[in-house]
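Protein chains in written order, with numbering that gives the first Met the number 0: chain A, 0 to 328; chain B, 0 to 328; chain C, 0 to 328; chain D, 0 to 328.
Hint data in this document are derived by calculation from the structure and do not stem from the laboratory.
If a hint is listed, it holds; no wrong ones were tucked in.
PhoX-like mimics (lysine-lysine), calculated; alpha carbons at most 20 Å apart, straight line: (1) LYS196/A x LYS144/A; (2) LYS1/C x LYS94/D; (3) LYS143/C x LYS198/C; (4) LYS32/D x LYS3/D; (5) LYS39/B x LYS276/B; (6) LYS12/D x LYS32/D; (7) LYS220/D x LYS39/D; (8) LYS143/B x LYS198/D; (9) LYS12/A x LYS12/B; (10) LYS1/B x LYS110/A; (11) LYS220/C x LYS42/C; (12) LYS138/A x LYS196/A; (13) LYS94/A x LYS3/B; (14) LYS3/D x LYS94/C; (15) LYS94/D x LYS3/C; (16) LYS94/A x LYS1/B; (17) LYS94/B x LYS1/A; (18) LYS198/A x LYS144/A; (19) LYS94/C x LYS1/D; (20) LYS142/A x LYS198/A; (21) LYS144/B x LYS144/D; (22) LYS144/C x LYS144/A; (23) LYS143/B x LYS196/B; (24) LYS198/A x LYS143/C; (25) LYS144/D x LYS198/B; (26) LYS110/D x LYS1/C; (27) LYS144/A x LYS198/C; (28) LYS144/D x LYS196/D; (29) LYS110/D x LYS276/B; (30) LYS144/C x LYS198/C.
Among the chain A residues that face chain C by a calculated CB cut under 7 Å, a handful are: (31) ASN54; (32) LEU107; (33) HIS108; (34) PRO179; (35) LEU190; (36) GLN194; (37) VAL202; (38) GLY209; (39) SER258; (40) GLY259.
Glycine is no exception: its CB is placed at the ideal position from the N, C-alpha and C atoms.
4 protein chains.
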Amino acid sequence: MKVKDFVWHEGMKVSELVEELGQVGFQSVELAKAKDVIVKMKKDNAKVFLTFTSNMVTSGLRGFFAQLVKVGIPNFLVTTAGAIEEDIMKASGEKFDVGSFDNDDVELHEKGINRVGNLMIDTEGYMAFEDWILGALEKCYAKKKRWSVSELLREFGLMLNDEDSILYQAAKKGVPIFCPAITDAGIGFHLYLFQQKHKDFIVDVVEDFGNILLGTSYDDKKAVIALGGSISKHHAILATLLNGGAEYAVYMTTAHRSSGSMSGATTQEAKSWGKVKDESDIATVIGDVTIMFPLAMSAALEELQEEGLLEGSSVVSRQLSAKTGGEQK
Amino acid sequence: MKVKDFVWHEGMKVSELVEELGQVGFQSVELAKAKDVIVKMKKDNAKVFLTFTSNMVTSGLRGFFAQLVKVGIPNFLVTTAGAIEEDIMKASGEKFDVGSFDNDDVELHEKGINRVGNLMIDTEGYMAFEDWILGALEKCYAKKKRWSVSELLREFGLMLNDEDSILYQAAKKGVPIFCPAITDAGIGFHLYLFQQKHKDFIVDVVEDFGNILLGTSYDDKKAVIALGGSISKHHAILATLLNGGAEYAVYMTTAHRSSGSMSGATTQEAKSWGKVKDESDIATVIGDVTIMFPLAMSAALEELQEEGLLEGSSVVSRQLSAKTGGEQK
Amino acid sequence: MKVKDFVWHEGMKVSELVEELGQVGFQSVELAKAKDVIVKMKKDNAKVFLTFTSNMVTSGLRGFFAQLVKVGIPNFLVTTAGAIEEDIMKASGEKFDVGSFDNDDVELHEKGINRVGNLMIDTEGYMAFEDWILGALEKCYAKKKRWSVSELLREFGLMLNDEDSILYQAAKKGVPIFCPAITDAGIGFHLYLFQQKHKDFIVDVVEDFGNILLGTSYDDKKAVIALGGSISKHHAILATLLNGGAEYAVYMTTAHRSSGSMSGATTQEAKSWGKVKDESDIATVIGDVTIMFPLAMSAALEELQEEGLLEGSSVVSRQLSAKTGGEQK
Amino acid sequence: MKVKDFVWHEGMKVSELVEELGQVGFQSVELAKAKDVIVKMKKDNAKVFLTFTSNMVTSGLRGFFAQLVKVGIPNFLVTTAGAIEEDIMKASGEKFDVGSFDNDDVELHEKGINRVGNLMIDTEGYMAFEDWILGALEKCYAKKKRWSVSELLREFGLMLNDEDSILYQAAKKGVPIFCPAITDAGIGFHLYLFQQKHKDFIVDVVEDFGNILLGTSYDDKKAVIALGGSISKHHAILATLLNGGAEYAVYMTTAHRSSGSMSGATTQEAKSWGKVKDESDIATVIGDVTIMFPLAMSAALEELQEEGLLEGSSVVSRQLSAKTGGEQK
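With the sequences and hints as input, model every part of the structure.
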């Protein structure tokens, strides 16, 4: 393939931009390839694991993840405890603010504002969450005493009512959410307090390992879209490894291979483990997920929509979607 | 400003995507801000320095830089010697290839292929360049003996005929190209050989310092769009510093502030020097320029086109542009 | 403080180098500060959380972490499941290899070699681990049915006999190891298989939240040394946050603040949350932990040894330590 | 080679630490290899190019570079204009300050303090430099009118008298300093003003290309130690490329290969160009040079000293060196 000069034209669509980027060079080539791999995994009917970290749910990607569940992209979600917490906070009406990386942290602390990069979360939001989660746990406990994490998260999702909520959409579509480190956020504290009152209340993380493992089989085509690193990424590729490896893998991360971390581990390295198959379609994009993912994924959605591979009778503009209040499937 | 859930809709335009990114979080917020700052600098009639490094000209951004000159975005370009060389090679018909970061370098060397990240340059292309540059230098020398670098590059541009060439467009539009380290590429070798034959041939880098310095004044509004780091970036902000600092600055880079390098220096740090004014509009975007720049700049062009601020009677699709063979201004 | 020219002298000690680095600039200043903060936290009798990720245990830092436990640096360890697994594999005699980042991954896969950056793990090692862990789980199950993770890891440690093992030293010294995502590695698979046979076997992650929370109090001075990112880092600072924040914090990571990730979150950002106190002693060092940590920590140990603040009657050379077979405390 | 557990012992020397790091993993392995390559290039009598960027001269590495020249490590230096300027400023008594990356830049600007990462330069220092450089240029001009850059820098060095000055030591030892972008700093402005008064004063960058090219031959063994990126790095490897490629190369940088930049270009990529030979000894260390370089280089010096390969009758402690006032060679 030849390098081709990029030229802008009026009214350029996202899909046209991504198409052009495929011949520009460096990460733009990887980004266009990521789009291709995503389209291929869906055409090939692969079971798709989408993984992301908590900070992405702090950001506006949260609604995009919910939309992806709604239109049928992922079959499984894997994330961290903070993501669960913040999705619920937002579904309960909490709004986060855009600030600056250079805000004065001591001053923020005095005001009860918590900083995540250039995003700001009000401490009061955590109090509303506390009320919600304790109520939710009571309801779950009334049903049974021993819960795997994904069962619990499905139950939470059914209690929410927000089109832009990941838990809500996942519960509606029957997409399991795996969260192997469920205690690693405020929710861990609330689970602990609840268990102090109800000693027979058990969160069974081991059972969930079975759920993610049996979610796919050796014979299924498997695919991973891993955004950022952390155990979310590792857990999904571990699950595919144990079932013979993924046919498709897209990694997007700001981390590099040089430190040997999971965050920076490449799709190439994954081949040595059998996490992805030797002959698999893979792409590793180095860059901030808040830009890379909407860009590549929007172009993929465009192509999948043309092919009739998106679920829901119609995928329409945000404005329309907001008015009609969501899916009719 | 509140964080807003990103939602894709069919047929999404680049400008719509960038608009949405402004409320997503992390680097997407900076990217949307970069677009805003670029629009503002043009509306405010600031003199714009656009700086880039050699590898971006290896990539398909080269044609985009040429287009930006054509539609009147930058008033000055600053770059490195490799960029000059490769623009001429491409204008002479040389094609570069898209390969992989993991190609076998010893094998490539045997084949006479030179790797720049995931892009590949054939060694033969350098031979064609040798012929071209020696001829060009003879013509220049016939005119006069002592040349500032920007004069020489203008002369080269006039000898080319390629709509997608930076030197060609810059020469046509009277946009000076500064290249303070002109000897740092194959072109340095050819200049040296030429000077061996013509001892009175002088490339005067000191004179060009005067040219970039006097290109703007204290009273002009000034703006810098610095892509990547290196002396290209430093030279432009040095020029604005000596004239009282820039009102607008956009930096895009993969480097971070932590090592104290010029590549990673932020628009914020520039304030301490007076490189940008204390109250200036600034944005620093961390990420690969091959994605970040087409994305933010295309959205800016869209807005500037609507405002009637782009030069040329019409800016049209690549296909049309290719057919008509360019600008009628 | 003035910048001071670094000059090498013969026989330079690590502690002298780190001292000099304090006035060099950029990350070297942060590194020297990290050493200072570590010394201060021990002098001040703070309760120390040391967190690290799995890949560091793949590396030779594993023996260093064990040594730090032995000489009394950390009061708590927080890590990921892979770290547990590989510590046990090494304690069982498994050797890992140093290779290259550029090894051919398809070829490695055929040979049954798994790559972690430039380190290589033989697939056979996982089989020996399988035997070990199943035996260990039987023994634990015979004692009781419901285990918190840290209890289980203590039990494993008591079954090992390797001076360089983290689990062994931690069990001997009564230092709890927290691992909130215990299922996220091969061990998760083995726990699952075991639970399939013994349905009443429960790994209680919620109980462990109580253990880490009650491990310190509001009144204790608290300190965090977080190596790399991931939930290991987050879990420790969450625990200190809930007890009023840490007085001392050292973060070492290759990640940057720009993406809003936990890995790149700075000690400064932690102040907005109350994870570290406003007036705390903090240092964030950007760089590869395999170099930064031995460098800063060795200099800190030197200083603490002089002050008589290291545990064990004598801390001696590796050779001696190997011969005597460890601590007499 | 096996991964080996790192264990600290009392009084550990830098050379011992680096030895241990060689079997730890990730970048520590590359660091130890860098030390080995440096030792080998000296033993093999290779001609050594040492390249560095301006910010490293802002830092305390400046005195270390001077020391390396003094003991005979590099045969050529390549750097940027800011490095020249700041070395002269420091040799004239100017002191820089260690501050913080988070200092308030607007406030600094009001105080006349310029920030480079966490280092601070007083604006007044530039005024003293102005006086010095104008005087120096007058003296040079009195000798002849046309100067290559390296000749000019040698002349400057002879006017200085500071053991810790790079220009001073290089002039004394006859080590040429190449600076292809000599105008890219305040010094460019002063050269311009001087040339305005003396139109026949010429800084000949083209002639210097010949000087660096002819500094080594095809038959010489050649080696590059490139610290950071920029044209300093590129210029040295270009010079070795044109003479058949280097036998030894050590790159230390915070940049990654992913963006295709010169800063992030690896020693591996250099093979495709013939910049380093296919069978050469190479190491690329990712990390902050202010830590990586003193660490690896000090260990190399130790080994070279033992082998009697350092110049000067004695290399002694900083204290002694300061008293005796330098070399007796």
